[in-house]
Amino acid sequence: MPEALAKQMRKQQYHIVGGHSAVKSCKYLKEGILGKRTCYKNTFYGIDSWRCLQCSTMLSCNLSCRFCWRISPEDIGLSWNEMSTPDWDAPELLAEGFLREQKRIVSGYKGNPKVERKRWEEANKPAHVAISLVGEVTIYPFLSELIEVFHRKGMSTFVVTNGTLPERLSNLKTLPTQLYMSLVAPDEETYTKTCRPKVKGAWEKVNRTVELFPSFKTRKVLRLTLVRGLNMLKPEEYAELILKAEPDYVEPKSFVFVGGARYNRGLELGDMPSHEEIRVFAKKLSEETGYIISDERTDSRVVLLCKDKDAEKRRFIQKK
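Counting from 673, one number per residue, gives the positions in the sequence shown under the working numbering.
Since the hints were derived computationally from the structure, they do not count as laboratory data. A quick note: this is a predicted structure, and the numbers were derived from the prediction, not measured. Glycine is no exception: its CB is placed at the ideal position from the N, C-alpha and C atoms. One thing to keep in mind: the hints can contain errors.
As the list claims (entries may be wrong) - As a list, the in silico DMTMM-like pairs of lysine to aspartate or glutamate whose alpha-carbon atoms are at most 25 Å apart:
| # | residue 1 | residue 2 |
| --- | --- | --- |
| 1 | Lys-865 | Glu-912 |
| 2 | Lys-956 | Asp-967 |
| 3 | Lys-790 | Glu-703 |
| 4 | Lys-916 | Glu-860 |
| 5 | Lys-797 | Glu-820 |
| 6 | Lys-956 | Asp-943 |
| 7 | Lys-696 | Asp-720 |
| 8 | Lys-916 | Glu-959 |
| 9 | Lys-845 | Glu-817 |
| 10 | Lys-872 | Asp-859 |
| 11 | Lys-916 | Glu-820 |
| 12 | Lys-889 | Glu-918 |
| 13 | Lys-956 | Asp-982 |
| 14 | Lys-979 | Asp-943 |
| 15 | Lys-955 | Asp-859 |
| 16 | Lys-889 | Asp-943 |
| 17 | Lys-786 | Glu-703 |
| 18 | Lys-865 | Glu-746 |
| 19 | Lys-696 | Glu-768 |
| 20 | Lys-865 | Glu-909 |
| 21 | Lys-956 | Asp-980 |
| 22 | Lys-877 | Glu-861 |
| 23 | Lys-985 | Glu-918 |
| 24 | Lys-991 | Asp-759 |
| 25 | Lys-981 | Glu-918 |
| 26 | Lys-877 | Glu-817 |
| 27 | Lys-906 | Glu-948 |
| 28 | Lys-916 | Asp-971 |
| 29 | Lys-790 | Glu-768 |
| 30 | Lys-865 | Glu-883 |
| 31 | Lys-872 | Glu-912 |
| 32 | Lys-955 | Glu-912 |
| 33 | Lys-825 | Glu-793 |
| 34 | Lys-955 | Asp-971 |
| 35 | Lys-699 | Glu-768 |
| 36 | Lys-696 | Asp-759 |
| 37 | Lys-877 | Glu-912 |
Said to hold, decoys possible - If you anchor each label on the Cβ, the simulated ranges turn out as follows:
| # | residue 1 | residue 2 | range |
| --- | --- | --- | --- |
| 38 | Asn-843 | Val-930 | 29 to 39 Å |
| 39 | Lys-845 | Glu-949 | 39 to 49 Å |
| 40 | Gly-749 | Gly-942 | 22 to 32 Å |
The task is simple: from the sequences and hints, build the whole structure.
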């Protein structure tokens, strides 16, 4: 990893693991330990935010989405190719490093008098791993093996992909507990404007992943990160892709005006849809697909659509 990128990431409180990975605490980890609000994934799926480890297996991405709040190599003058690595860290070493750094993060809250002691103790034993922090995690060639390491430890896993590497997904021998795909455009023109791909044929690859999605024998989610005036349009065309992908859940969600999305990516605070706008868009998706509106989080500006009553009934992940 280029030292310039590592330095900037450490400044932003990323904990670097190995040569191409990182851990960072989510604000809901802190709030959860303090007994305050939790992430919307707690509301939708029962994930305890204070026991969630947020990490990434790759710090670069093959897209440059305008709504992305995370640090990008391009932000500090590096090209994506400069982030490629021939020396991949072993999955066992990554898992060990992720858990070590998470414990280091959590230890910092021990002296806070507002911390709920029971939750702090639980936070020292993460039960869930969100492989989604930054970059495109499926670039890492041993993702399947990493998922297996965490599952052997009794942990549940979420993997979030942008869908541009369908061959990597189809080769996963061990699937995550829940597989997320970011579906952020209804057509190629909108996709190009929104995601600004660095690779050729990205939209075609996304469509290939959509076609493959029903074959993945695990819980599946499509997340629609929506920006007013950019990609929050044509709900009927989003609906066609949803019906083709057959996910268990769909999450229409407002983009968040923080980080990189505030500065050089051309978006403004006014581009954030209100929660009511997200609800209206979700209702249109529901009408077009038959998916059920099951839950929502006003503070996160997100709505949960379930495929059917069965998906709604089993949405909470069993705790081990």
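### Query
Is it true that the C-beta distance of Lys-845 to Glu-949 lies inside 39 to 49 Å, as the hint says?
holds, 41 Å
### Hinted pair Lys-696 and Asp-759, Cα distance within 25 Å
holds, 23 Å
### Query
Is Lys-872 within 25 Å of Glu-912, Cα to Cα?
Given pair Lys-872, Glu-912 holds - Cα atoms ~24 Å apart, limit 25 Å.
### Task
Take a quick look at whether Lys-985 and Glu-918 sit within 25 Å of each other, Cα to Cα.
holds, 17 Å
### Message
Check the hint pairing Lys-956 with Asp-980 against an upper bound of 25 Å on the C-alpha distance.
### Response
holds, 16 Å
### Task
Quickly compare the C-alpha distance for Lys-955 and Asp-859 to 25 Å and report which way the hint goes.
Answer holds: Lys-955 to Asp-859 is near 20 Å, not above 25 Å.
### Holds or violated: Lys-877 to Glu-861, with C-alpha atoms at most 25 Å apart
Holds: Lys-877 and Glu-861 sit about 15 Å apart, inside 25 Å.
### Query
Between Lys-979 and Asp-943, does the CA-CA distance stay at or below 25 Å?
Measuring from Cα to Cα gives roughly 29 Å; hence the hint is violated.
### Query
Is the straight-line distance between the alpha-carbon of Lys-981 and that of Glu-918 25 Å or less?
Holds, at about 14 Å.
### Message
Run the distance test for Lys-696 versus Asp-720: straight-line Cα separation, threshold 25 Å.
### Response
The hint holds at about 16 Å.
### Query
CA of Lys-790 to CA of Glu-703, is that 25 Å or under?
Between Lys-790 and Glu-703 the Cα gap is close to 14 Å, so the pair holds against 25 Å.
### Task
Could you grab the alpha-carbon distance between Lys-916 and Glu-860 and see if it respects the 25 Å cut-off?
Status holds; Cα separation ~16 Å.
In summary, the structure is inconsistent with hints 11, 14, 16, 24 and 28 from the numbered list given earlier, while agreeing with the others.
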